[in-house]
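Each protein sequence line maps, in turn, to chains A and B. The first sequence: position 304 = 1536 (my numbering), numbered continuously. The second sequence: position 74 = 1306 (my numbering), numbered continuously.
Just so you know, the hints here were simulated from the structure itself, not pulled from any lab data. All of these numbers come straight from a predicted model, not from anything done at the bench. A hint or two may mislead.
[Claimed, not checked] Derived list of chain B stretches under chain A, where covered just means 3 residues or more per stretch with a C-beta under 8 Å from a C-beta of chain A: (1) 1262–1276; (2) 1331–1341; (3) 1381–1389; (4) 1446–1455.
[Unchecked claim] From the structure, some residues in chain B lie toward chain A, with a derived Cβ separation under 8 Å: (5) Gly1298; (6) Phe1302; (7) Gly1303; (8) Arg1316; (9) Arg1507.
Backbone N, C-alpha and C define an ideal beta-carbon position, used for all residues, glycine too.
2 protein chains.
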Amino acid sequence: MEKFDIHILGCGSALPTTRHNATSQVINLRDKLYMIDCGEGTQTQFRRAQLSFSRLNHIFISHLHGDHCFGLIGLISTFGLLGRTATLHVHSFPELEEVMRPQLDFFCDGMPYDVEFHPFSHGCTDIIYEDRSVSVQAFPLSHRVPCCGFVFQEKPTAAHIRREMIDFYGIPFSQIARIKNGEDYVTPEGDVISNSRLTLPAAPPRKYVYCSDTRFNPNNVQYVKGADLLFHEATFAESEVARAAQTFHSTARQAAEMARLSGVKQLLIGHFSARYTDERILLDEAREVFPSTRLAEEGRVFQL
Amino acid sequence: MEKFDIHILGCGSALPTTRHNATSQVINLRDKLYMIDCGEGTQTQFRRAQLSFSRLNHIFISHLHGDHCFGLIGLISTFGLLGRTATLHVHSFPELEEVMRPQLDFFCDGMPYDVEFHPFSHGCTDIIYEDRSVSVQAFPLSHRVPCCGFVFQEKPTAAHIRREMIDFYGIPFSQIARIKNGEDYVTPEGDVISNSRLTLPAAPPRKYVYCSDTRFNPNNVQYVKGADLLFHEATFAESEVARAAQTFHSTARQAAEMARLSGVKQLLIGHFSARYTDERILLDEAREVFPSTRLAEEGRVFQL
């Protein structure tokens, strides 16, 4: 199966600590990297994860709180110093470009590459980006400021050719691409060999959903449902449920409830409040509702 | 002797690595903290050094390259989240406020404390700040953009009272403050007891000089001379002397030459290029010229 890995670069909340970095993740899908959020210190965490800067071309920012975007200017500057030439694409709300433009003009003048912003609206539910491997859909979350989640939906891969059947029917190489794309094979004699005899179905496309800072909101189920892996913020334990509502965050139990309602395969929780020196309380509370829950942690990689 | 400690929070150069953070230092002088430069990740390094945020009221930024100031916005935001009420004073060139103002307006609106900028001109050689403990003088360096060094000159402390002499002459408590300030004591009988019999001289005031990014420039000797400790950038080894000149940086040997010409007591080198995985080559080259040289390193504290 081709790579679909989630690298956790930071999973703390607003106050960075010596235990947790500010929020950032990198998705490695078929060796292309996509970054979600970019808190302070992300570039160093990226190096620590031994990822390749040159494979990163798209960054998605969920909202404009500092712990989700203060690392952007440093990352962009470093790319310039390293001689990057490929355009870097940044997908977010229009305000991100407005607030970054003066910094880019001042600190990044004369860089050998371009930063291109791709703004989308606050309530956007569109596919905001797609390529051969993936489509990325935004959807609105319920936070103190405009905030969105992202659905990373893998594109279907071609069927696997059954080599022994190709040999059996003596099918010429020139036909392989067509068969991979689902066509039947017609022999010189006019016999139709059905595609299903010549191929094995590809692995089903995978789906990763990132729920950034948000209050629990059942309306999100429509976007989350069927995910192979759901990342959901879990800032607080259940004892702080009132504080979670007040600050537009979720408890671990609420994250698990979202996973359960949406029928996802696995749940990954993060964005931990600095008050927890051991997040097992969050894990335990989530697992009571949704057993297949795991804790995010800097440096860990979760495979879909 | 009262504290005059230099905490190294970051001593890498423009490209942060997993070994070195971007530039920042904190001076602890008599339990008041003064920060010099604030590269990305400084707030986390500050926590790691177990320093107290509430004792930090003044930040000095040497120049507007990202590796010396990208950590400011995160530090300022965090202070807001922690409920700080005391004004934070930022001393730098006027351009710093210009580039930070849009960020502060966007991200830090409604914080419970003020950030006050104290701009000074590019070629400034004035004392830009002073309080009861210290005066801070700026002086121009030779970098690709306007850049300055800082002289931290401790204020003289009061003389030490010789308690046994006070008892011997039966001097009342009400006279102690005067004697500390250098006055003689006149007995009720009219005899003059000279101050020098009643006190021991205070420790001589100490001087710390910070030479940020700069090409070697003998003109700086006038500011550096007589320092107890000189921090000088040493980005390159001698094999890269041409590159050092071209990029307006110094070699370790040039840093040592500045220390020798200025007659300082100790030299501390930092701002190491990412190309050196072991800085001993820099230390060795500096020590050939100025034996009393030490290597900066994250987490280390150097006492004056």
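Verification of the hints:
1. Figure legend: the stretch 1262–1276 of chain B, annotated as covered by chain A; annotation consistent (4 residues with Cβ-Cβ distances under 8 Å, at least 3 required).
2. By the rule of at least three residues with a Cβ nearer than 8 Å to a Cβ of chain A, the coverage given for the stretch 1331–1341 of chain B holds, with 5 such residues.
3. Only when three residues or more bring their CB closer than 8 Å to a CB of chain A does the claim for the stretch 1381–1389 of chain B stand; here the count is 0, and the claim is violated.
4. For the stretch 1446–1455 of chain B, the proposed coverage by chain A is not satisfied: 0 residues have a C-beta within less than 8 Å of a C-beta in that chain, short of the threshold of three.
5. Nearest Cβ of chain A to the Cβ of B:Gly1298: about 5 Å, under the 8 Å cut. The hint holds.
6. The beta carbon of B:Phe1302 comes within 5 Å of a beta carbon in chain A, closer than 8 Å, and the hint placing it at the interface holds.
7. Here the hint on B:Gly1303 is kept, as its CB sits about 7 Å from the closest CB of chain A, short of 8 Å.
8. For B:Arg1316, the interface hint is violated, since its Cβ never comes within 8 Å of a Cβ in chain A; the closest pair sits about 13 Å apart.
9. A cut of 8 Å between beta carbons decides the hint on B:Arg1507: the least distance to chain A is about 13 Å, and the hint is violated.
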